[in-house]
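*Asks:* Sequence:
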Amino acid sequence: MRRSSPSSSTVAQPAPEQLARVHHLLLEWYAREQRPLPWRATSDPYAILVSEIMLQQTQVERVIPKYHEFLSRFPTVADLAAAPTAAVISTWVPLGYNQRAVRLQAIARQVVSDYQGRIPDSLEELLKLKGIGRYTAGAIACFAYRRQVATVDTNIRRVLHRLFIGLEHPEPRLSDAETLALAEQVLPPGRAYEWNQALMDLGAMICTSASPQCERCPVCESCAAYRELSAQSLFPSGTVLRTLRKVAEKKSGYQTQPFTQSDRYFRGRIVALLRTLPPEQRLSLAELGPRIKPSYTEADLPWLQRLVSRLARDGLVDYQEEEGVRLP
DNA sequence: AAGGCGGGGAC
DNA sequence: GTCCCAGCCTT
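In our numbering, the protein residues as written are 1 to 328.
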């Protein structure tokens with residue numbers, strides 16, 4: 001049988017009885033040790049959508065308070081669709097990646113206008129919404145609608161790789177398509193919700209990136225990476241894993257400048273400042289510059305203009321040439 | 001395939 | 001200081 005989807009790549013397949021044991025051990029561990037997260041206590045697809053957008057590249061602990069605040073302010077998808085964009089952006093600070101706020105509201109508006117206010121339940125429809133990629137589509141389909149679909153975030157990628165393939169560094173490393181194919185192959189029938197949540201909890205609590213606590217892991221007996229570490233007596237593994245990753249990064253020639261000199265930093269400063277202004281009030285670029293950058297001079301005007309133009313392009317500010325800038 | 005996009009917490 | 005995080009979009 002041949003399929004055309006990108007996830008049809010083949011990867012090593014664990015033996016069925018071995019896989020069943022991993023399912024049992026991890027699901028049992030999850031039933032016992034799961035984190036009490038607020039979006040696990042609801043079946044409201046809108047609330048789950050909000051949580052998943054917030055959780056993109058953002059740790060659980062930082063999302064929890066903002067999740068409650070956001071839902072209290074915009075309780076339904078209709079409320080969010082009807083709100084001023086400036087209010088949505090303001091509520092978002094300081095989660096970061098502020099385009100997520102604009103896109104989340106655009107999704108709400110599209111759901112109201114095109115889907116009768118009901119958030120889609122299929123991967124295909126969810127993927128049509130800007131801001132929802134394969135992970136988030138899978139998460140919403142699975143967690144809000146109990147669809148039996150695989151989904152891969154950074155935790156699940158790491159856990160599945162270590163469990164079924166071995167250490168991620170330096171080799172081998174699965175592609176996105178291969179990882180998704182593996183996730184689909186090991187999905188326990190009928191238990192996708194608990195399984196996906198369990199993989200993420202394991203990745204967050206035990207099988208962490210830099211210093212996994214293998215001695216507390218419920219599935220270490222079946223873990224390929226654990227066998228590698230054991231064979232070489234590499235416990236505790238923290239130093240080893242950090243070193244392996246560093247070597248891999250050096251090879252890729254990774255470089256960086258101080259964050260507080262980056263455009264990304266100043267974009268954040270601008271949005272945070274505009275958020276403190278009275279509604280509708282604008283600021284000229286000449287006023288804005290010194291307030292976000294102490295060393296600002298007139299010579300920086302073209303730079304600031306470029307920055308503001310990009311913010312406007314991203315829907316994060318409203319910029320009128322003569323009157324200045326404000327939240328949209 | 002690579003680069004842009006935030007910010008706070010862990011170490 | 002560096003690395004990390006329930007990623008996604010554009011080029």
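Hints listed in this document are in silico derivations from the structure and should not be mistaken for laboratory results. Since we're looking at a predicted model, the values are computed, not measured. Built from N, CA and C at the ideal position, the CB exists for glycine as well. Just to be clear, a hint being listed does not mean it is correct.
[Stated by the list, open to error] 30 Å max Cα-Cα, derived DSSO-like pairs, lysine-lysine:
| hint | residue 1 | residue 2 |
| --- | --- | --- |
| 1 | 66 | 130 |
| 2 | 128 | 66 |
| 3 | 66 | 293 |
[What the hints assert, rightly or not] Here are the computed distance ranges between Cβ atoms for each label pair:
| hint | residue 1 | residue 2 | range |
| --- | --- | --- | --- |
| 4 | 43 | 228 | 39 to 45 Å |
| 5 | 210 | 231 | 19 to 25 Å |
| 6 | 43 | 301 | 50 to 56 Å |
| 7 | 309 | 43 | 39 to 45 Å |
| 8 | 232 | 257 | 32 to 38 Å |
| 9 | 57 | 295 | 45 to 51 Å |
| 10 | 277 | 18 | 55 to 61 Å |
| 11 | 236 | 127 | 40 to 46 Å |
| 12 | 309 | 148 | 28 to 34 Å |
| 13 | 231 | 60 | 55 to 61 Å |
| 14 | 299 | 84 | 42 to 48 Å |
| 15 | 243 | 299 | 40 to 46 Å |
| 16 | 148 | 209 | 39 to 45 Å |
| 17 | 73 | 320 | 25 to 31 Å |
*Asks:* Now tell me, hint by hint, if it's right for this structure.
*Replies:* Going down the list of hints, with the structure as the test:
| no. | hint | verdict |
| --- | --- | --- |
| 1 | 66 / 130 | 22 Å, holds |
| 2 | 128 / 66 | 26 Å, holds |
| 3 | 66 / 293 | 28 Å, holds |
| 4 | 43 / 228: 39 to 45 Å | 40 Å, holds |
| 5 | 210 / 231: 19 to 25 Å | 21 Å, holds |
| 6 | 43 / 301: 50 to 56 Å | 52 Å, holds |
| 7 | 309 / 43: 39 to 45 Å | 42 Å, holds |
| 8 | 232 / 257: 32 to 38 Å | 37 Å, holds |
| 9 | 57 / 295: 45 to 51 Å | 30 Å, violated |
| 10 | 277 / 18: 55 to 61 Å | 60 Å, holds |
| 11 | 236 / 127: 40 to 46 Å | 41 Å, holds |
| 12 | 309 / 148: 28 to 34 Å | 45 Å, violated |
| 13 | 231 / 60: 55 to 61 Å | 33 Å, violated |
| 14 | 299 / 84: 42 to 48 Å | 35 Å, violated |
| 15 | 243 / 299: 40 to 46 Å | 44 Å, holds |
| 16 | 148 / 209: 39 to 45 Å | 28 Å, violated |
| 17 | 73 / 320: 25 to 31 Å | 27 Å, holds |
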